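Asks: Take 1 as the starting number for the sequence shown in this note's numbering and just add one per residue.
Heads up, some of the hints might be wrong.
[To be verified] PhoX-like mimics (lysine-lysine), calculated; alpha carbons at most 25 Å apart, straight line:
#	residue 1	residue 2
1	Lys106	Lys256
2	Lys256	Lys12
3	Lys106	Lys30
4	Lys106	Lys12
5	Lys256	Lys30
I should point out that these hints are in silico values taken from the structure, not numbers from a laboratory.
Predicted model, so just to flag it, every value in this text is computed and none were measured.
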Amino acid sequence: MTTLQTVFAKAKADNRAALVGYLPAGFPSKDGAISAAAALVEAGCDVIEIGLPYSDPLMDGPTIQDAVHRSLTNGTRIADVLRTVEGVAATGAATLVMTYWNPIDKYGAERFARDLAGAGGAGTITPDLTPEESEPWRAASAGAGIDTVFLVAPSSTEARIKAVVDCCTGFVYAASLMGVTGARETVNVAAEGLVERTRAHTDLPVCVGLGVGTGAQAAEVAAYADGVIVGSAFIRRILDAPDEAAGRASISALAKEMAQGVRR
Numbered sequence: 001m002t003t004l005q006t007v008f009a010k011a012k013a014d015n016r017a018a019l020v021g022y023l024p025a026g027f028p029s030k031d032g033a034i035s036a037a038a039a040l041v042e043a044g045c046d047v048i049e050i051g052l053p054y055s056d057p058l059m060d061g062p063t064i065q066d067a068v069h070r071s072l073t074n075g076t077r078i079a080d081v082l083r084t085v086e087g088v089a090a091t092g093a094a095t096l097v098m099t100y101w102n103p104i105d106k107y108g109a110e111r112f113a114r115d116l117a118g119a120g121g122a123g124t125i126t127p128d129l130t131p132e133e134s135e136p137w138r139a140a141s142a143g144a145g146i147d148t149v150f151l152v153a154p155s156s157t158e159a160r161i162k163a164v165v166d167c168c169t170g171f172v173y174a175a176s177l178m179g180v181t182g183a184r185e186t187v188n189v190a191a192e193g194l195v196e197r198t199r200a201h202t203d204l205p206v207c208v209g210l211g212v213g214t215g216a217q218a219a220e221v222a223a224y225a226d227g228v229i230v231g232s233a234f235i236r237r238i239l240d241a242p243d244e245a246a247g248r249a250s251i252s253a254l255a256k257e258m259a260q261g262v263r264r
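Please build the complete structure, drawing on both the sequences and the hints.
Replies: Structure below.
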């Protein structure tokens with residue numbers, strides 16, 4: 001397993017931000033998700049987030065909702081998510097699962113943490129799990145040796161940022177805006193201030209997500225953040241492609257552009 005600590009240390013040594021790519025398990029197909037993520041790694045992504053498809057994706061915009069719906073229609077289950085993690089982790093990229101809390105709770109926290117670690121997963125991002133309710137999950141994750149990532153937002157108070165970063169081990173996810181996922185024309189100007197505010201409370205890497213869709217935007221965010229998170233822009237290219245092979249080629253080209261962006 002490649003750890004997040006290793007990834008961010010290497011990126012820092014290279015004087016650049018890390019590139020983090022997101023794709024849901026089971027999309028565009030169960031095997032296609034693994035090959036698509038592997039294409040992102042080959043093109044320059046340092047970390048891959050594998051989304052666990054969920055029927056009520058509170059944080060996800062229309063593009064990711066479409067992909068998740070297709071994944072669920074494909075019959076994707078947690079076993080498929082873990083198999084996807086195993087396949088992606090084999091590429092050498094640090095591999096996370098991004099999931100809402102309910103699937104973990106139903107599966108069993110300790111069991112999920114153990115099975116994720118067994119698949120080579122480096123940790124989880126849990127966008128709807130609050131610091132006040134996170135202790136059992138953090139304990140299960142620590143016991144399994146995987147990292148926990150939580151989110152801060154532009155609306156977060158100083159006290160809230162402190163509470164959130166105290167629950168994080170791998171990195172802190174800074175949501176660039178108040179809203180759902182999706183590539184946008186510009187990255188919210190509040191993102192840079194949020195990164196600065198977050199760094200005042202932690203030495204962990206701070207990564208920015210929501211709204212990054214071009215190499216130029218990746219370069220803009222990389223100038224002040226430790227990592228750049230891209231999801232909807234990759235998914236849109238797969239959705240628009242005529243077949244899986246064309247989708248892989250398209251996201252590979254975009255990932256190369258993003259990888260150049262974080263190195264500017």
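Asks: Determine for every hint whether it applies to the structure shown.
Replies: Hints versus structure:
1. Restraint check for Lys106 and Lys256: the C-alpha separation of about 38 Å exceeds 25 Å, so the hint is violated.
2. A C-alpha spacing of about 19 Å is found between Lys256 and Lys12, which places the hinted pair at or below 25 Å, so the restraint holds.
3. With a C-alpha separation of about 22 Å, the suggested pairing of Lys106 with Lys30 holds against the 25 Å cut-off.
4. For the suggested pair Lys106 and Lys12, the alpha carbons sit about 38 Å apart, so the restraint of at most 25 Å is broken.
5. In summary, the hint linking Lys256 to Lys30 is supported, as the alpha carbons are separated by about 24 Å, within the 25 Å threshold.
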